[in-house]
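What follows is the residue order along each chain.
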Amino acid sequence: CGATCLHAPWQRCWNEEGVPVSEDTQQQIIRETFHLVSKRDENVCNFLEGGLLIGGSDNKLIYRHYATLYFVFCVDSSESELGILDLIQVFVETLDKCFENVCELDLIFHVDKVHNILAEMVMGGMVLETNMNEIVTQIDAQNKLEKSETFIFQSPRQDR
Amino acid sequence: MIQTEASCCRIIFGMGKGKSKEAEIKRINKELANIRSKFKGDKALDGYSKKKYVCKLLFIFLLGHDIDFGHMEAVNLLSSNRYTEKQIGYLFISVLVNSNSELIRLINNAIKNDLASRNPTFMGLALHCIANVGSREMAEAFAGEIPKILVAGDTMDSVKQSAALCLLRLYRTSPDLVPMGDWTSRVVHLLNDQHLGVVTAATSLITTLAQKNPEEFKTSVSLAVSRLSRIVTSASTDLQDYTYYFVPAPWLSVKLLRLLQCYPPPEDPAVRGRLTECLETILNKAQEPPKSKKVQHSNAKNAVLFEAISLIIHHDSEPNLLVRACNQLGQFLQHRETNLRYLALESMCTLASSEFSHEAVKTHIETVINALKTERDVSVRQRAVDLLYAMCDRSNAQQIVAEMLNYLETADYSIREEIVLKVAILAEKYAVDYTWYVDTILNLIRIAGDYVSEEVWYRVIQIVINRDDVQGYAAKTVFEALQAPACHENLVKVGGYILGEFGNLIAGDPRSSPLIQFNLLHSKFHLCSVPTRALLLSTYIKFVNLFPEIKTTIQDVLRSDSQLKNADVELQQRAVEYLRLSTIASTDILATVLEEMPPFPERESSILAKLKKKKGPGTVTDLEEIKKERSSDMNGSAEPASVNASAVSTPSPSADLLGLGAAPLTNSAPPPSSSGSLLVDVFSDSASAVAPLAPGSDDNFASPDLASSEVVSEEPADTVHDADELFHKFVCKNNGVLFENQLLQIGLKSEFRQNLGRMFIFYGNKTSTQFLNFTPTVICSDDLQPSLNLQTKPVDPTVDGGAQVQQVVNIECVSDFMEAPILNIQFRYGGTFQNLSVKLPITLNKFFQPTEMSSQDFFQRWKQLSNPKQEVQNIFKAKHPMDAEITKAKIIGFGSALLEEVDPNPANFVGAGIIHTKTTQIGCLLRLEPNLQAQMYRLTLRTSKEAVSQRLCELLSEQF
Chain A
1 CGATCLHAPW QRCWNEEGVP VSEDTQQQII RETFHLVSKR DENVCNFLEG
51 GLLIGGSDNK LIYRHYATLY FVFCVDSSES ELGILDLIQV FVETLDKCFE
101 NVCELDLIFH VDKVHNILAE MVMGGMVLET NMNEIVTQID AQNKLEKSET
151 FIFQSPRQDR
Chain B
1 MIQTEASCCR IIFGMGKGKS KEAEIKRINK ELANIRSKFK GDKALDGYSK
51 KKYVCKLLFI FLLGHDIDFG HMEAVNLLSS NRYTEKQIGY LFISVLVNSN
101 SELIRLINNA IKNDLASRNP TFMGLALHCI ANVGSREMAE AFAGEIPKIL
151 VAGDTMDSVK QSAALCLLRL YRTSPDLVPM GDWTSRVVHL LNDQHLGVVT
201 AATSLITTLA QKNPEEFKTS VSLAVSRLSR IVTSASTDLQ DYTYYFVPAP
251 WLSVKLLRLL QCYPPPEDPA VRGRLTECLE TILNKAQEPP KSKKVQHSNA
301 KNAVLFEAIS LIIHHDSEPN LLVRACNQLG QFLQHRETNL RYLALESMCT
351 LASSEFSHEA VKTHIETVIN ALKTERDVSV RQRAVDLLYA MCDRSNAQQI
401 VAEMLNYLET ADYSIREEIV LKVAILAEKY AVDYTWYVDT ILNLIRIAGD
451 YVSEEVWYRV IQIVINRDDV QGYAAKTVFE ALQAPACHEN LVKVGGYILG
501 EFGNLIAGDP RSSPLIQFNL LHSKFHLCSV PTRALLLSTY IKFVNLFPEI
551 KTTIQDVLRS DSQLKNADVE LQQRAVEYLR LSTIASTDIL ATVLEEMPPF
601 PERESSILAK LKKKKGPGTV TDLEEIKKER SSDMNGSAEP ASVNASAVST
651 PSPSADLLGL GAAPLTNSAP PPSSSGSLLV DVFSDSASAV APLAPGSDDN
701 FASPDLASSE VVSEEPADTV HDADELFHKF VCKNNGVLFE NQLLQIGLKS
751 EFRQNLGRMF IFYGNKTSTQ FLNFTPTVIC SDDLQPSLNL QTKPVDPTVD
801 GGAQVQQVVN IECVSDFMEA PILNIQFRYG GTFQNLSVKL PITLNKFFQP
851 TEMSSQDFFQ RWKQLSNPKQ EVQNIFKAKH PMDAEITKAK IIGFGSALLE
901 EVDPNPANFV GAGIIHTKTT QIGCLLRLEP NLQAQMYRLT LRTSKEAVSQ
951 RLCELLSEQF
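In order, the protein sequences belong to chains A and B.
No gaps in the numbering here: position 54 of the first sequence is 54 in this note's numbering, and each next residue is one more.
No gaps in the numbering here: position 583 of the second sequence is 583 in this note's numbering, and each next residue is one more.
Any given hint might turn out to be false.
Listed next, the stretches of chain B that the computed footprint assigns to chain A, with coverage defined by at least 3 CB atoms under 8 Å from CB atoms of chain A [claimed, not checked]:
id, stretch
1, 105–116
2, 161–173
3, 247–256
4, 379–391
One-sided and incomplete, this derived list gives chain A residues near chain B with beta-carbon spacing under 10 Å [stated by the list, open to error]:
id, residue
5, 82
6, 87
7, 89
8, 90
9, 119
10, 141
List time: in silico DSSO-like cross-link candidates among lysine-lysine, alpha-carbon distance up to 27 Å [stated by the list, open to error]:
id, chain 1, residue 1, chain 2, residue 2
11, A, 97, B, 293
12, B, 429, B, 612
13, B, 551, A, 144
14, A, 39, B, 373
15, B, 524, A, 97
16, B, 612, B, 362
17, B, 877, B, 362
18, B, 766, B, 733
19, B, 612, B, 863
20, B, 729, B, 888
21, B, 733, B, 877
22, B, 212, B, 877
23, B, 291, A, 97
24, B, 890, B, 729
25, B, 218, B, 733
26, B, 733, B, 888
27, B, 551, B, 524
28, B, 294, A, 39
It should be emphasised that the hints constitute simulated quantities derived from the structure, not laboratory data.
Each residue gets a CB set at the ideal place from its N, CA and C atoms; glycine is no exception.
Work out the full structure: start from the sequences and follow the hints.
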């Protein structure tokens, strides 16, 4: 599955196909996706047939709407639709745990962390881990590593 | 890290405020220059600074600017021992893939070191990088290494997970580079792993691998079933962390159910029983009250349920489960959750194609129609249309087509064309009454004319031309439809063509006299586009032939300046040539040239091809090939134009016209290639169009007249039956005893090669008395005669007691045929006259040449022959014990090649061959799917010709 993740109003497109998509195409995908998703009513279904941009009719957009944020995944037919909806929920719950009451600003200022969290769940476009505790443990371990290293290199800096 | 972040954010937001593009570029360029000077500077940068600048470059790249340096610094970061530096290095490499081979060597080296480091964090970063890049180079370097990491006993769980997915990614990009080997069996055993995350990743990997190498991973079935069973039956607290809103390990369950969909139902009854139990439990749980009100709970539960239903549909073997699945989906159809309605419609679509549940699905027709009318979401309505299409059969076609037409009036523009195609296909496929078909298509043009593609209106014309019972009605209906003040151009085209061919059928009615017809059409002329006008001009010249009384009126129109001096070359040429033709040609010549179109040869409906094309990119390549084939067809068959043309031997000036006159559409062909592909039908092998074979006529060997002339003294009924059974024995073999009673034994020996064959018939006198006036005759019915040439020599009229005489039959297959010839034998035995008839086992399959082909070729051809008319399927009870070896022998005896390792399911048999006849060669593909438990077979035949598929299917079905 290729995962395209998009947040509104701030949007980010992570190309999981491994092929760098040109900036223009990326922006176009995001614009079109946003256009498609944002005009949908509250109580319609969360699946959208793929347009040509996202790789044809084998692919589907699956999204969830949280207050002002949309989380959109683009998946192929090898994934269960409801499973992906749950995966988005796990993603959001994990963000919530890592940032303590996540809000849009967290996502804007900590793009790298969001990316790391997503990387723990999805790897090369494939679902890696779905257990929230496992993900949070990994992220905490990374944070610890980072902190210890920050500490190490800050001392020589002060010498300078 | 945090610092870097902050400075990057400054870049970003600095730009955000800068507003203008130039300011942004200026800022970026300044920053780039700064970084460049740092990298080039004399002072070696420390790890921190390197990381900082690489990180900045990365952000600048993500903002959409080209980065052409910094790769080397990023690669240096890879060999750092600091996690944060390494991480940025890997991120940079993953995002800015570089094809510089020297760099790749360095990167691969760094990755190798990290993979060997035994540091799980570093190994994880390296595996992530391989998976994210996923290039062929990566696969070449690491495809051998990763399986080792995956199955090593001391690998950490998190690394195993990453390794499994990394391998999966490499297998998807370059399957040829991932070697199968000892590790495969050990990967299968990961399904037993303690850590559910590992099991989930391994299941994803195995599912993909098993699709290509089913044999290699066969053992995964029983392991997957037992794992699933443990999850499904566990109390929700057993799996602790992997319980999600009271549902035990939903993702893993879904993955396991997907894996099982790569295989047929397990053969081991114990495993099978356990799986059935699991599926039943899942279905039961759906009926239990929810353990939580949260939507996450029901989502997860239903994700598993839908996957279980998919598996049940895939197995297609347990009627009980299928019906339960159908009922469950029926409940969901009315669920208040839109997602569930959507998924239920989608699943039901596949369920509708199963023999066991088609009827059950049909019971939901009202709900589905209602969904079409009331559903607010276009995605859901689209699914409803799909389902209606899938559940349609002869019994409900009229209702479904009517509903679809209804819906079409208000349908979203995005799906109109597809609905139009679907309606057109259903109307054609299930038309009992072709007047209904004509009405439906005209309605279609009326409601959604813009969305009616050329294929659709071509098809209606083909059908009207081929079916003379509907021609008068069609003429009348289009005439009436054309009365509307504003009618769609497509209607004018259909109207023009049909009235040009069959306007005479309604000309008797004074309300639709020739002149009125002509004036009606001509009133639309000026509003139409050039191709339509060209078509109308052809109609006019046809009118000249049909209605000599309005010839002058038409000539006047053709002679007018707006025609003769038309700026469009095509129109002008037509007007000039038609006018000339109408003036100089005699009535006889006109009548021949402008004769009614000959019937079109039965071909795949081009509408179906079009629908397939719309439906998926997967089939596009096939279609393009078909197109290519067709266009070559067109070139190849341009010269035999049509029978009428060659019949006329007028000198050259009109020879050119003849082509036009005989086939008005050819020159008017509007430019797009799609039209060309269809028009081919007009010409290509119209000469070889096969006269329809009398259906079912082969089986009426026991028809009254023959039965009565059966063997005189003995129980005739019994003999017929015996003979029939013996006849079927010969389908798969060439030698043996064809008939035996107390007097006479008939033995056969035959050989076939391509479209020729020779058969030796041995008549043995079992009595001690002479047979007198012994006259065996081989009879071909009238239908059979043109297709099969048989030559026999008469035999000696006296057969001594205990003696045997031999007769040779030389056989030539001219074209495909249904019936078998009949061998009639008359003689006098003692005082009584004996007369008996048996079917001679010369069957179509005797002219098979086996064809070996690879799995890929087979499925490609299989797809190309996916028109419902090319496929014939039969599901039947096994008459003999179901032994794979015997089955194989029979398929080979049938004449086709038996293709091993082609079907993903090893229990199935597939075969391929070519039927050779004198006139054509017909490629045939067959697939036989045994179902041991139900003691049933499903046999599918696909050939380019419906009659051939049908006949071969009948013949082969009798064999098992």
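* Asked: Of the hints given before, which are not true for this structure?
  -> 1, 13, 15, 22, 25
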